[in-house]
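Asker: The lines below spell out each chain.
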Amino acid sequence: SRLLQAFPLPSLPRKQPTVLVVCGPAQNGAIGLVCARHLRIFDYEPTIFYPKRSPDPLYRDFTTQCEKMDIPFLSYLPTEVQLINDAYNAVVDAVLGAEAEVGEGREPCAAILATLKHIRIPIVSLDVPSGWDAESGGSGGISPDVLVSLAAPKECARRFLGRQHFVAGRFLPYDVQKKFELNPPEYPGTECVVAL
Amino acid sequence: QEEAQAIDQELFTEYKFSVDQLMELAGLSCATAIAKAYPPSSFTSSQPAVLVVCGPGNNGGDGLVCARHLKMFGYLPTVYYPKRPSKPLFEGLTTQCEKMDIPFLPEFPTEAAFIDEVYGLVVDAIFGFSFKGAVREPFGSILSTLERVTVPIASIDIPSGWDVEKGKADGLQPDMLISLTAPKKAATHFAGRYHFLGGRFVPPALQEKYALNLPAYPGTDCVLQLT
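Those protein sequence lines, which keep their order, are chains D and B. With the UniProt record's numbering applied, the first sequence covers 1 to 196. With the UniProt record's numbering applied, the second sequence covers 1 to 227.
Mixed in with the good hints there might be a few duds.
As the list claims (entries may be wrong) - Keeping only pairs whose Cα atoms sit at most 30 Å apart, straight-line, the calculated DSSO-like set for lysine-lysine is:
#1 B:Lys71 with B:Lys87
#2 D:Lys179 with B:Lys71
#3 D:Lys52 with B:Lys16
#4 B:Lys36 with D:Lys178
#5 D:Lys179 with B:Lys99
#6 D:Lys178 with B:Lys71
#7 D:Lys68 with B:Lys71
#8 D:Lys68 with B:Lys209
#9 B:Lys83 with B:Lys132
#10 D:Lys68 with B:Lys87
#11 D:Lys178 with B:Lys99
#12 B:Lys185 with D:Lys68
Stated by the list, open to error - Only some residues are given here: those of chain D computed to face chain B with a beta carbon under 10 Å:
#13 Phe42
#14 Phe171
#15 Cys192
To be clear, the hints were calculated from the coordinates, so they are not data collected in a lab. Glycine residues also receive a C-beta, built at the ideal position from the N, C-alpha and C atoms.
Please take these sequences and the hints and turn them into a complete structure.
Answerer: Printed below as a string of structure tokens:
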């Protein structure tokens with residue numbers, strides 16, 4: 001299922017379709033890697049920041065796929081937010097997902113989130129805005145412009161105040177949907193993303 | 001055929017794609033292309049029933065993925081999968097279909113007319129671009145039956161039984177062909193109504209290296225209609 005991720009469809013304002021994809025150390029980060037690769041196929045120019053790499057062989061392969069597709073990996077994240085604002089059209093937040101621990105968070109995630117809080121370009125968060133508690137949401141955390149809930153929205157999505165909320169990851173069998181009373185929205189046609 | 005195999009090799013060894021990843025994207029493309037050409041509303045019966053015939057290799061795997069996505073898209077697929085490799089990939093794909101209540105036929109319908117009556121479309125996922133040599137049973141008889149079917153047939157990558165480069169004038173004549181990654185030489189002999197390109201995962205550098213000259217996919221679509 002991780003192999004089939006979906007991508008929000010923003011409209012980009014800038015000349016070069018540059019996107020910064022910030023990937024955390026676990027599954028959410030791996031999803032970010034897959035997302036970056038597809039963005040490249042869609043003719044965007046993604047750049048990845050992936051400071052703490054998972055040893056999982058599947059995720060290491062995702063990294064190789066990105067590298068071989070000439071997607072640059074930053075060696076550090078500028079703390080000068082203006083540099084980020086100027087270089088990219090949007091940031092994909094694939095730092096922490098629903099499995100993350102609540103609270104301050106560990107390095108390097110805490111520092112990354114501190115920087116992301118101050119950027120002005122739109123943030124697209126994958127599944128859970130990083131740093132938010134998956135259930136109660138966050139105050140003082142990042143404020144994404146777009147949220148892409150994976151499979152189904154998490155509790156914290158109720159607190160999402162950004163512009164667009166998508167559900168993606170059209171792979172849940174009906175019996176699973178029923179068993180967990182998920183009631184996901186209907187996907188249009190063959191789309192793998194639906195706007196809520 | 002060698003080029004297609006070379007590209008595959010690079011994707012697996014250099015780029016470290018897993019077979020699972022590419023098969024998932026390939027199968028999804030097939031289901032998407034089918035949904036575009038034969039939307040459920042186009043079926044003459046009230047149930048959009050589709051028969052997916054899966055062969056013994058990767059083409060069959062593509063078929064299993066396709067069947068699963070067809071189910072998600074609202075079709076009623078049934079699978080015939082007589083020769084199953086005992087590898088976790090294929091066992092997993094089979095389980096996913098079974099758990100989604102996709103029936104697996106115990107026997108292949110003996111009469112083409114029976115297929116025509118029950119199904120509005122047949123997906124040919126028997127043999128792909130690695131096919132060489134003689135067709136072994138039960139696929140010989142299956143292909144003979146399919147050649148007499150009148151409902152549309154959608155072939156994944158190569159119409160089964162065709163020579164991968166030269167085609168087969170007296171063989172299967174599918175209505176739709178979904179070429180994966182890039183059209184193969186055999187596609188020049190394709191005479192059906194719909195030719196789609198799928199498998200939108202070839203990195204730009206590989207496309208250049210093999211001079212694939214693929215036309216651009218529209219937007220974020222995973223398929224491109226060629227004809």
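Asker: Which earlier hints can't be squared with this structure?
Answerer: Per hint list: single violation, 7.
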